[in-house]
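Starting from the given sequences, assemble the full structure and let the hints guide the process.
Protein chains in written order, with the numbering used here: chain S, 23 to 236; chain P, 23 to 236; chain H, 23 to 236.
Just so you know, these hints were derived from the structure itself, not from any lab.
Watch out, some of these pointers could steer you wrong.
Pairs count within a copy or across copies, as identical chains cannot be separated in the list.
[To be verified] Under the rule of at most 20 Å between Cα atoms (straight-line distance), these lysine to any residue pairs were calculated in the SDA-like manner:
#  : residue 1 : residue 2
1  : Lys-91    : Glu-118
2  : Lys-167   : Gly-36
3  : Lys-91    : Leu-164
4  : Lys-130   : Gly-36
5  : Lys-91    : Lys-130
6  : Lys-149   : Phe-226
7  : Lys-187   : Asn-234
8  : Lys-167   : Tyr-34
9  : Lys-91    : Pro-124
10 : Lys-175   : Gly-132
11 : Lys-149   : Gln-106
12 : Lys-150   : Arg-182
13 : Lys-150   : Asn-165
14 : Lys-110   : Leu-33
15 : Lys-130   : Gln-85
16 : Lys-130   : Gln-37
17 : Lys-167   : Asp-69
18 : Lys-149   : Lys-167
19 : Lys-167   : Ser-40
20 : Lys-167   : Glu-35
21 : Lys-167   : Gln-85
22 : Lys-110   : Arg-65
23 : Lys-167   : Phe-120
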Amino acid sequence: VGKPVFTSDRLYEGQLPSGTVTGLAWTAMGGSVLYIEATALARRRSDPDKPATAPPMLAVTGQLGNVMKESSQIALLVARRQLQARGKDGFFEEHELFLHCPEGATPKDGPSAGVTMTTALLSLAMKKPIPTDLAMTGEVSLNGKVLAVGGIKEKTIAARRAGCKTLIFPEANRRDFDELPKYLQDGLNVHFATHFDEVFDVAFKEAEEAANAA
Amino acid sequence: VGKPVFTSDRLYEGQLPSGTVTGLAWTAMGGSVLYIEATALARRRSDPDKPATAPPMLAVTGQLGNVMKESSQIALLVARRQLQARGKDGFFEEHELFLHCPEGATPKDGPSAGVTMTTALLSLAMKKPIPTDLAMTGEVSLNGKVLAVGGIKEKTIAARRAGCKTLIFPEANRRDFDELPKYLQDGLNVHFATHFDEVFDVAFKEAEEAANAA
Amino acid sequence: VGKPVFTSDRLYEGQLPSGTVTGLAWTAMGGSVLYIEATALARRRSDPDKPATAPPMLAVTGQLGNVMKESSQIALLVARRQLQARGKDGFFEEHELFLHCPEGATPKDGPSAGVTMTTALLSLAMKKPIPTDLAMTGEVSLNGKVLAVGGIKEKTIAARRAGCKTLIFPEANRRDFDELPKYLQDGLNVHFATHFDEVFDVAFKEAEEAANAA
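Structure (structure tokens):
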């Protein structure tokens, strides 16, 4: 009420905590950065020697619409498969999982935070922070395919305004970015992904580099 | 928002992963290919030596309406019976199951993806990929009967546009296809099914042939 | 109906019980104090020697809207993480938790009671009462970030009217407070928080001082 939808100010300054990733949203009001915060608490077990057997539970908050809620379920599955494929299974089963999109009063929807949510859950599970200047957008399918999204121009402007220099967009949106005026493209390092594997490589290799540089 | 319902671009190029099948949908906007993606993760058990006892659970995403959600339940049952009849029981009980229809923001409904969902679950369980140029449509009943669907003309056009050469339609739709102009029929290999057994034979024999040819 | 929204009379005189915190609300009718009451009852367990394993449950009452209900979930998570970080885990798992905002007939919504709810749950778990003259407002994110809220002027007036001398506002609202006329600022001790850690320090150090002075 009286508050602009998706304020453009950066919520986070400096290093992001593990589990928090900068996404990009697009509304009738224009583009904006949209943080995804994932956290977890260890599940209590009656017998800590036995493995956790219940399927993971993910609670989502932030006034997410139905499409975005489904996105979070897909994100959890893709993240679990990524972790399993890397031989690091267990985290998602052994913790209560939470995912939030500030600001809490702003309704949000759409599938384009799929890659962001997946990355947030993996960053949390692997305890690897994501670089503050990396922003991403893209729908993700159950097989990890990265699908086209809308608002590439508005999202690029929002990313620039928030000081993000490295962007991940869906490969299917490459033309949308190429058609932007030069002054919007300049100084950005943009990766185009067809599969979440490529998002993973950029997000976590970047994380390594940032750690090495520090 | 600003995005056409059911884009006609192929989401998948080259070999489909096991569990993913090309369906055909039909809306007021015309026909389109509609992928069904099925995936699974092993269920964790407190005692891995004992068999899994809980009934299978299938989570569905992709903004499916009530009819399509029920379709997915029927598809799981028909797939379990198919597997059991072939002496390969167990997979559906030992895994958490997921089924998704990209794109996540497009509402979808109707029973005509029944054969596609059933095939996706079987392809996943048997780890046999389905040929990329095979597309199918048909409602399936609890006993495996394949029932008539709408939009045969629009679906045929969509299949051609997506490069699908082999189609499975319900036997009850044979006349609808026969009445199409010659230029829409030419070059297509169409199978008409009365029971899912026939869909199975086409989908997995084709898979064998494709594997042999490779 | 017929009752003013958010009456400004103090509901509590003298020492607040542990778990009750003075918040500040803002409506079209102006600002007002808004108490958050948290209470708990020990969970009954079949075997008291084994640890409680079910995730905490929080029941909320007081005609809270959807945003405020989500706020309470986030508050519980942030409170659990605060307790865990201080090595005092267990309370939230071993009790049934209740959170109420009098007056029960007045609909309330919005995210700005986030810090108040979190403080109420921690005050309850730690059995440390919060000073009667401390009032607070601020949205809280899953990572404990304190986010800007609206109505700083109206909330400051309400706090003065209720005799609250120490206020906690989000750092992002510092300018809003600085722009208030001198007569509204005078005699107030205002803390500006960027993270819930700072709210914790003010709320419970104040609590200590109050206990020492008594």
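Now the hints, each set against the structure:
1. Lys-91 to Glu-118: Both ways: Lys-91 and Glu-118 sit 17 Å apart in one copy and 19 Å across, limit 20 Å.
2. Lys-167 to Gly-36: between (31 Å within a copy, 13 Å between copies)
3. Lys-91 to Leu-164: both (14 Å within a copy, 17 Å between copies)
4. Lys-130 to Gly-36: neither (25 Å within a copy, 35 Å between copies)
5. Lys-91 to Lys-130: Both. Shortest intra-copy (10 Å) and inter-copy (16 Å) distances satisfy the 20 Å Cα cut-off.
6. Lys-149 to Phe-226: This pair counts as within: shortest intra-copy Cα distance 11 Å, inter-copy 30 Å.
7. Lys-187 to Asn-234: within (18 Å within a copy, 48 Å between copies)
8. Lys-167 to Tyr-34: between (29 Å within a copy, 9 Å between copies)
9. Lys-91 to Pro-124: The answer is both: 15 Å in one copy and 15 Å across copies each meet 20 Å.
10. Lys-175 to Gly-132: within (17 Å within a copy, 31 Å between copies)
11. Lys-149 to Gln-106: both (16 Å within a copy, 18 Å between copies)
12. Lys-150 to Arg-182: Result: close neither inside a copy nor across copies, 24 Å intra and 45 Å inter.
13. Lys-150 to Asn-165: between (23 Å within a copy, 15 Å between copies)
14. Lys-110 to Leu-33: This pair counts as neither: shortest intra-copy Cα distance 31 Å, inter-copy 29 Å.
15. Lys-130 to Gln-85: Intra 6 Å, inter 16 Å, cutoff 20 Å: intra and inter.
16. Lys-130 to Gln-37: For Lys-130 and Gln-37, the Cα distance exceeds 20 Å both inside one copy (25 Å) and across copies (35 Å).
17. Lys-167 to Asp-69: Neither way: Lys-167 and Asp-69 sit 38 Å apart in one copy and 35 Å across, limit 20 Å.
18. Lys-149 to Lys-167: between (24 Å within a copy, 19 Å between copies)
19. Lys-167 to Ser-40: The answer is between: 14 Å across copies meets 20 Å, while 24 Å in one copy does not.
20. Lys-167 to Glu-35: Classified as between; 11 Å across copies, 31 Å inside a copy.
21. Lys-167 to Gln-85: Cα proximity of Lys-167 and Gln-85: across copies only (18 Å, versus 26 Å in one copy).
22. Lys-110 to Arg-65: both (18 Å within a copy, 16 Å between copies)
23. Lys-167 to Phe-120: between (24 Å within a copy, 15 Å between copies)
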